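Trainee: Chain by chain, the residues run as shown.
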Amino acid sequence: AQKVTQTQTSISVMEKTTVTMDCVYETQDSSYFLFWYKQTASGEIVFLIRQDSYKKENATVGHYSLNFQKPKSSIGLIITATQIEDSAVYFCAMREGNTDKVVFGTGTRLQVSP
Amino acid sequence: NAGVIQTPRHKVTGKGQEATLWCEPISGHSAVFWYRQTIVQGLEFLTYFRNQAPIDDSGMPKERFSAQMPNQSHSTLKIQSTQPQDSAVYLCASSLGTSQNTLYFGAGTRLSVL
Numbered sequence: 278a279q280k281v282t283q284t285q286t287s288i289s290v291m292e293k294t295t296v297t298m299d300c301v302y303e304t305q306d307s308s309y310f311l312f313w314y315k316q317t318a319s320g321e322i323v324f325l326i327r328q329d330s331y332k333k334e335n336a337t338v339g340h341y342s343l344n345f346q347k348p349k350s351s352i353g354l355i356i357t358a359t360q361i362e363d364s365a366v367y368f369c370a371m372r373e374g375n376t377d378k379v380v381f382g383t384g385t386r387l388q389v390s391p
Numbered sequence: 382n383a384g385v386i387q388t389p390r391h392k393v394t395g396k397g398q399e400a401t402l403w404c405e406p407i408s409g410h411s412a413v414f415w416y417r418q419t420i421v422q423g424l425e426f427l428t429y430f431r432n433q434a435p436i437d438d439s440g441m442p443k444e445r446f447s448a449q450m451p452n453q454s455h456s457t458l459k460i461q462s463t464q465p466q467d468s469a470v471y472l473c474a475s476s477l478g479t480s481q482n483t484l485y486f487g488a489g490t491r492l493s494v495l
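First to last, the protein sequences are chains A and B.
For what it's worth, my numbering labels the leading residue of the first sequence as 278, then goes sequentially.
For what it's worth, my numbering labels the leading residue of the second sequence as 382, then goes sequentially.
Derived by calculation from the structure, the hints in this document are not laboratory data.
None of the values given here were measured: they were computed from a predicted structure.
Hints may contain errors.
List of simulated lysine to aspartate or glutamate pairs, EDC-like, C-alpha gap at most 16 Å [stated by the list, open to error]:
id : chain 1 : residue 1 : chain 2 : residue 2
1  : A       : Lys378    : B       : Glu425
2  : A       : Lys332    : A       : Asp306
3  : B       : Lys459    : B       : Glu399
4  : A       : Lys280    : B       : Glu425
5  : A       : Lys378    : A       : Asp306
6  : B       : Lys459    : B       : Glu444
7  : A       : Lys378    : B       : Asp437
8  : A       : Lys280    : A       : Glu303
9  : A       : Lys378    : B       : Asp438
Computed footprint of chain A on chain B, listed as stretches where at least three residues anywhere in the stretch have a Cβ under 8 Å from a Cβ of chain A [claimed, not checked]:
id : segment
10 : 420-430
11 : 486-493
Computed far set for chain B versus chain A, every beta-carbon distance over 10 Å [as the list claims (entries may be wrong)]:
id : residue
12 : Thr388
13 : Gly395
14 : Gln398
15 : Glu405
16 : Gln449
17 : Pro451
18 : Gln466
We put the CB at the ideal spot given by N, CA and C, even for glycine.
With the hints as extra help, turn the sequences into a complete structure.
Mentor: Following this line, the structure appears as structure tokens:
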């Protein structure tokens, strides 16, 4: 069964620094998709970035990038030049190739201070 | 595009009463998902539909919970004989159902069972 684990419950950083959030996953499938979502203080959940298991290149979108280490079943989210508005809860998620079902980790709360 | 619409935003029920939660997915999206979010359990998958057909309800509590999708424009989650432990934010999401399968979440319904 697919499983996603985020061990960091909370991270605090100063504005304009770089932060990395960890995520490890478990799956028996050779094909899968990994996602990061952000939940703001208002409760809104939005998609940030995706990594397909068959792609070797790390995905990058704006100031978000991924550190995909397939042998370690790890997909870290890197946020560069953090801004106050990046303060939120970040969820790692996974979908196996043979289903639409997306399973989420428990989330990491990021606090960015001026 | 109004996004995924969930109604009501808040619902308060007494123990033992029934609660029905509504979701209108984004037009053209073929997959609809229900999740439950609590502090303790995080984002739990409940069930999903593809092209209105129930595909996976592995996260649904076996008793009292049911979900339907009578047409492509709405889905309902019904909880019979609500219990205090059912108190949570219930989130609906939809997706195009492609391999990318980015989820678009609604604002959620906060259910409080007194």
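Trainee: Determine which of the earlier numbered hints do not hold for this structure and return their numbers in increasing order.
Mentor: Those not satisfied: there are none.
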